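Asks: Protein chains in written order, with my numbering: chain A, 1 to 124; chain B, 1 to 124.
For the record, the hints were derived by calculation from the structure and aren't laboratory data.
Keep in mind the model is a prediction, meaning the values are calculated, not measured.
Heads up, the beta-carbon is just placed ideally off N, CA and C, and yes, glycines get one too.
Keep in mind that the hints are not guaranteed to be accurate.
Just the calculated beta-carbon pair ranges, DEER-fashion [what the hints assert, rightly or not]:
#1 A:Glu44 to B:Arg45: 35 to 45 Å
#2 B:His116 to A:Glu44: 21 to 31 Å
#3 A:Ser117 to B:Thr42: 30 to 40 Å
Number of protein chains: 2
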Amino acid sequence: MSDHPITTPAPAPSPTPAPEPPYYVAVFTSLPTPHQSGYAETAERLGALVRDIPGYIGEDSARTPGGLAISVAYFRDLEGIERWRRDAEHRVAKERGRQQWYERYSLHIARVEHSHSFRRPTPA
Amino acid sequence: MSDHPITTPAPAPSPTPAPEPPYYVAVFTSLPTPHQSGYAETAERLGALVRDIPGYIGEDSARTPGGLAISVAYFRDLEGIERWRRDAEHRVAKERGRQQWYERYSLHIARVEHSHSFRRPTPA
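Chain A with its partners taken away, still in its complex shape (with noise of 0.2 Å):
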């Protein structure tokens, strides 16, 4: 109810803090295409699913308007990606995807060997 200017609009606590490594991080970037109708409900559907993956630790996603979006997702090891990799619902999504919502991709599975996390000291 106070005046107080509001700094930090994400809702969750965002960007994930990163975790000690090593840990996994799946990458997606794309170029969406024009054609966005059913994506937000595969994709808020898919982000409950991948809640339930063991090993999963969080994840993180922008998106510029009329430009690029890039998701990050952090699992604890490669098994949990791979899991998700052969989820069928995953895959059908996957491939409505290819065929409608992206115009480019690339995704890239990497392990993470460093990682560090800065929060702005609350002010006095």
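With the hints as your guide, set chain B onto chain A.
Replies: Frame of chain A, contents of chain B only:
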């Protein structure tokens, strides 16, 4: 001059096509403060400098208005990332980032083990 629809708003080849592994990624996820004066100039200057680092491959960035920003820089080897980390102008910019531009951030340095790219076939 023709009336064809423009479906690829990004000027450069983007997202960066996945190189042959192994290579390295530096994933930088951040929540900006409202105090972004000087940021754009610095980002442009650093973007020119990093291209001179031996082993630099490319970079992808996305930014949700009012939300997260994610940048992914690709390097052939860890030495390139290390050289960029020690770059004097880069270090000054990072210090200013902690003072002014970033509410929070995480940095993940990772070795890419698998990757692939998709490009929509040109319509007939």
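Asks: All the hints need checking, so say for each whether the structure fits it.
Replies: Status of each hint after checking the structure:
With their beta carbons about 39 Å apart, Glu44 of chain A and Arg45 of chain B fall inside the hinted range of 35 to 45 Å. The supplied range of 21 to 31 Å is met by His116 of chain B and Glu44 of chain A, whose beta-carbon atoms lie about 25 Å from each other. A beta carbon spacing of about 21 Å between Ser117 of chain A and Thr42 of chain B contradicts the range 30 to 40 Å that was offered as a hint.
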